[in-house]
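**Student:** Start from the sequences, fold in the hints, and give me the full structure.
There are 2 protein chains.
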Amino acid sequence: MASQSAAVSDYLAARAPFIEQDRSLRRENRTANLRSTKEIEADQLVRRIRAQEADTVWKEEHEDVAHPFPGMEFLTGKKIIIQTKIFQIMSKMPKGALLHAHLDATVNAEFLWDLALKQPGIHVRVAQPLSAANLATNLPEFRILPSSLHTDIPSLSDTSYTPGSWVPLHNARDSFSTELGGTEGFDKYVISSMTINPAEAYGTHNTVEKIWQKFISTFITSTGLIRIEPIFSEYIRQFLRSSIEDGILYVEPRINFLYKNMWGADGQENISHREWLIMFDRVVKEVKAEMEQKGRGGEFIGAKIIYSTIRFLTPAELDWYLEDCIALKKEFPQLIAGFDLVGDEAQLRPLIYYIEPLLKFRERQKEEGVDIPFIFHAGETLGDGTETDMNLYDAILLGTKRIGHGFSLVKHPKLVETCRQKGIAVEVCPISNEILRLTSSMLTHPLPVLLNNGVPVALCSDDPAVFGNMGLSFDYYQVLVASELTGLSTLGALARDSIEFSSMDEREKSAALAVFERKWAEFLNSVLSEFA
Amino acid sequence: MASQSAAVSDYLAARAPFIEQDRSLRRENRTANLRSTKEIEADQLVRRIRAQEADTVWKEEHEDVAHPFPGMEFLTGKKIIIQTKIFQIMSKMPKGALLHAHLDATVNAEFLWDLALKQPGIHVRVAQPLSAANLATNLPEFRILPSSLHTDIPSLSDTSYTPGSWVPLHNARDSFSTELGGTEGFDKYVISSMTINPAEAYGTHNTVEKIWQKFISTFITSTGLIRIEPIFSEYIRQFLRSSIEDGILYVEPRINFLYKNMWGADGQENISHREWLIMFDRVVKEVKAEMEQKGRGGEFIGAKIIYSTIRFLTPAELDWYLEDCIALKKEFPQLIAGFDLVGDEAQLRPLIYYIEPLLKFRERQKEEGVDIPFIFHAGETLGDGTETDMNLYDAILLGTKRIGHGFSLVKHPKLVETCRQKGIAVEVCPISNEILRLTSSMLTHPLPVLLNNGVPVALCSDDPAVFGNMGLSFDYYQVLVASELTGLSTLGALARDSIEFSSMDEREKSAALAVFERKWAEFLNSVLSEFA
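Each protein sequence line maps, in turn, to chains A and B. Counting from 1, position 268 in the first sequence corresponds to residue 268 in my numbering; the numbering is continuous, with no gaps. Counting from 1, position 426 in the second sequence corresponds to residue 426 in my numbering; the numbering is continuous, with no gaps.
One thing to keep in mind: the hints can contain errors.
The list makes no distinction among identical chains, and a pair is therefore deemed to hold if it is satisfied within one copy or across any two copies.
[To be verified] Calculated pairs, DSSO-like style, for lysine-lysine (alpha carbon to alpha carbon, straight line, at most 27 Å): (1) Lys85 to Lys210; (2) Lys78 to Lys210; (3) Lys79 to Lys210; (4) Lys330 to Lys366; (5) Lys519 to Lys294; (6) Lys92 to Lys79.
To be clear, the hints were calculated from the coordinates, so they are not data collected in a lab.
**Tutor:** So, in structure tokens, the structure goes:
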């Protein structure tokens with residue numbers, strides 16, 4: 001027996017370093033020996049609470065939640081998530097930077113709707129008179145009209161409604177038929193048109209291709225409300241304020257510049273891209289001033305924009321946008337952080353289709369003396385060797401600064417190595433990936449593969465207005481509860497990476513990191529004092 | 001423009017080797033330059049048919065199939081799969097070896113049921129009188145009884161039935177109440193108890209934990225039918241015959257030796273493990289002779305056994321099985337290929353729990369002059385850093401010859417590298433993983449990560465009697481249609497790996513490979529002649 005025990009001791013002595021070696025690339029382990037006693041204690045406490053909640057709130061029967069488990073489908077599980085202590089802890093956690101969010105899907109749909117209801121001149125139309133039978137598919141389109149075009153059409157839901165004609169918003173709302181729920185029914189109809197519900201994601205539209213149809217349709221409704229100058233500026237303000245309240249200290253949204261103008265309050269579509277940037281800059285400064293005034297100046301470092309357009313353009317059309325982007329960068333060097341092509345990668349054009357203008361773009365930047373890194377969406381797919389999957393090769397060969405989604409990156413050993421070695425961070429959007437059916441729950445998400453391979457990762461929310469994952473607390477929650485290996489120190493490393501791989505300049509990064517570390521220490525204290 | 005085109009040419013010239021490098025570890029690429037013209041043509045043809053079927057049969061509306069797509073949930077998609085040309089092609093393909101299948105779940109449930117109906121002396125019992133309300137959960141248990149214990153209880157479904165009392169099989173069947181479907185209803189009830197249906201996998205039991213409960217329950221019903229000497233030998237025969245018909249030339253099933261005896265035709269539970277092996281050996285030889293007689297001798301190389309017991313034993317109990325395994329290996333050196341611990345990894349004991357007896361097992365083998373490699377199940381889990389996930393470390397440190405499932409292996413860079421370098425093949429069971437809810441469809445299976453990392457892989461069916469994926473054609477189908485990168489050459493490499501990493505000796509492997517290559521060439525011819 002003595003010799004057996006020696007054999008076991010020898011085995012265990014070899015086992016520990018083997019496991020350690022396998023985990024040695026994880027970015028939190030680079031500074032593992034620097035972890036404070038408090039961080040270690042808080043980490044252990046959070047693991048205990050997580051285990052406890054997995055056995056209690058996630059094991060109980062819940063009405064309307066057939067199979068509850070930690071990391072489950074977000075739209076169904078949200079009502080359980082918000083009951084947990086772990087979610088309370090995530091809400092308090094400082095998050096660093098938000099690096100992947102589409103501006104026009106960052107603000108709660110109800111908030112946008114309130115803004116719209118206060119804005120004069122907005123009209124609405126549908127493709128056929130609204131009825132109970134077509135309510136789910138007959139989506140509202142909004143437009144602010146100049147006074148010369150204002151109408152007095154009384155209702156969208158009357159059978160006499162002429163399809164496609166513009167009805168004043170308040171007429172449509174006030175006269176919405178009682179069978180469809182009256183005013184409240186109208187509000188619900190509009191909000192549903194701008195969000196994805198569980199029945200859609202997990203039932204009627206339960207494939208990547210189908211849910212993308214629903215996803216895209218939400219923008220048809222919201223764009224007519226957001227692309228109005230006075231609403232747009234309030235929308236940005238709310239995005240910044242709500243991000244700050246969730247512990248985010250810097251944001252780098254993608255703005256879609258496809259439309260060359262937005263509407264003014266007068267209903268004229270003549271507000272140009274440079275005016276959008278002036279507006280953005282003004283609101284950022286106002287929110288900064290507001291935070292200073294509250295004595296919370298350090299909590300908001302700022303915001304930059306990733307210039308985006310859609311990957312259905314022709315290469316010739318794209319040229320216009322590339323020149324537009326260069327011109328804006330020259331006028332607003334602090335605001336333009338990078339360039340991206342967005343839209344459904346699987347249905348639209350791959351990067352290689354645009355190789356000529358994209359290579360020219362780099363040349364033109366040299367000529368103009370500007371630096372606008374690519375920050376490409378790539379590999380947001382279940383495909384293996386498809387054009388969408390292969391966008392990863394082109395994103396990296398074109399020198400992308402980060403990769404948006406990179407869902408299929410883990411399939412590519414050379415690319416994983418390249419990302420680790422060159423410091424190309426992946427903008428991982430856990431809840432977005434799940435609702436868009438790339439993964440059935442957080443348990444099957446490839447994030448652990450990236451983390452164990454030492455690829456830098458920033459967690460991101462993508463389109464929280466559509467998905468309901470406002471801020472970053474929900475995304476951090478899903479990541480934390482879906483892995484035993486992941487702890488508070490992992491989340492801290494993710495937040496630090498979001499700062500390190502942002503487009504802030506070195507001075508801004510230092511400021512941001514200093515704020516983050518102070519907030520992080522406060523956070524650990526509060527976890528230990530409130531949840532022990 | 002001229003310089004732009006040069007820039008594009010330079011880009012493309014750098015792109016091709018970059019992609020090639022990323023794919024260079026794929027095992028089919030080791031011999032890519034040896035591919036015959038026929039293989040290249042057949043590969044291209046299969047890709048065209050696959051693309052065509054993705055756009056036709058997989059795009060059509062199918063009654064009862066809500067969201068058809070290639071690689072979808074197997075139990076729902078099977079009715080579409082069998083309509084495709086790709087499935088016809090897969091059925092013709094030579095498969096090499098089957099390296100991961102639990103013997104008592106390898107034969108079609110209907111076939112087993114037919115055997116049982118012909119066997120005198122079998123009785124059946126349930127925990128409460130059968131009714132429409134409890135039919136799905138009140139599972140039948142079977143036992144062959146010695147004539148002294150035979151009963152004449154008339155029915156299972158009569159309210160006068162005493163729970164737990166044994167009813168002669170034919171009484172139970174003939175008297176099955178007409179409200180429950182009579183004889184046919186009884187057959188359906190028994191078959192349903194031994195298989196998983198789509199509503200269970202994708203509805204009522206749609207989590208790993210829940211579907212495992214159903215999965216385990218199927219063995220409660222089937223074990224009482226299989227563990228009867230005359231049925232067991234016919235069961236083995238059918239397993240071998242149906243494998244051969246599917247193009248499998250060698251099998252290496254896991255046999256569960258937990259029960260120390262099985263029943264004889266006389267209803268005595270006294271057939272010992274060594275008698276099981278004698279029976280197995282006899283049937284293998286009979287099937288070989290049968291194949292020789294048909295002039296198809298080369299199509300069946302043979303079979304070996306992986307000795308398995310269940311991971312709920314105590315370490316002290318395990319000792320008995322390890323010694324039993326050694327004794328059997330000494331008596332039947334050609335039959336015992338390895339040792340494994342089976343059962344739900346997440347609910348039962350991790351390998352580390354058995355470290356003392358497992359290390360002692362290695363010592364005892366040296367003393368006895370035998371070599372019984374471990375061939376462990378490990379990492380059949382969605383966990384990240386859980387005990388089940390960590391079984392992978394112990395499997396590898398203990399020198400496992402292959403890894404059963406290894407579903408979570410892709411999370412571990414060091415282990416992936418070790419498997420590639422040391423030639424530890426992974427027994428990947430695509431359909432099993434999907435039905436047991438580790439992946440929602442083949443599109444989210446980690447197999448492409450293993451392939452691109454050069455890890456040797458053998459495709460396996462695991463428990464086809466329960467899942468309905470008889471043979472390997474269905475598993476190969478799911479793999480082929482879920483990836484654009486995967487082609488016939490990939491499948492050929494998988495089949496060759498199944499031979500190379502089997503427990504055949506070198507002489508057997510050479511014979512098997514020679515047969516395989518001949519069959520492969522015939523297969524390519526038939527693809528080109530029948531499907532072009």
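**Student:** Hint by hint, note whether the structure agrees.
**Tutor:** Evaluated hints:
| no. | hint | in the structure |
| --- | --- | --- |
| 1 | Lys85 to Lys210 | between (35 Å within a copy, 26 Å between copies) |
| 2 | Lys78 to Lys210 | both (22 Å within a copy, 21 Å between copies) |
| 3 | Lys79 to Lys210 | both (25 Å within a copy, 22 Å between copies) |
| 4 | Lys330 to Lys366 | within (12 Å within a copy, 76 Å between copies) |
| 5 | Lys519 to Lys294 | within (17 Å within a copy, 78 Å between copies) |
| 6 | Lys92 to Lys79 | within (19 Å within a copy, 51 Å between copies) |
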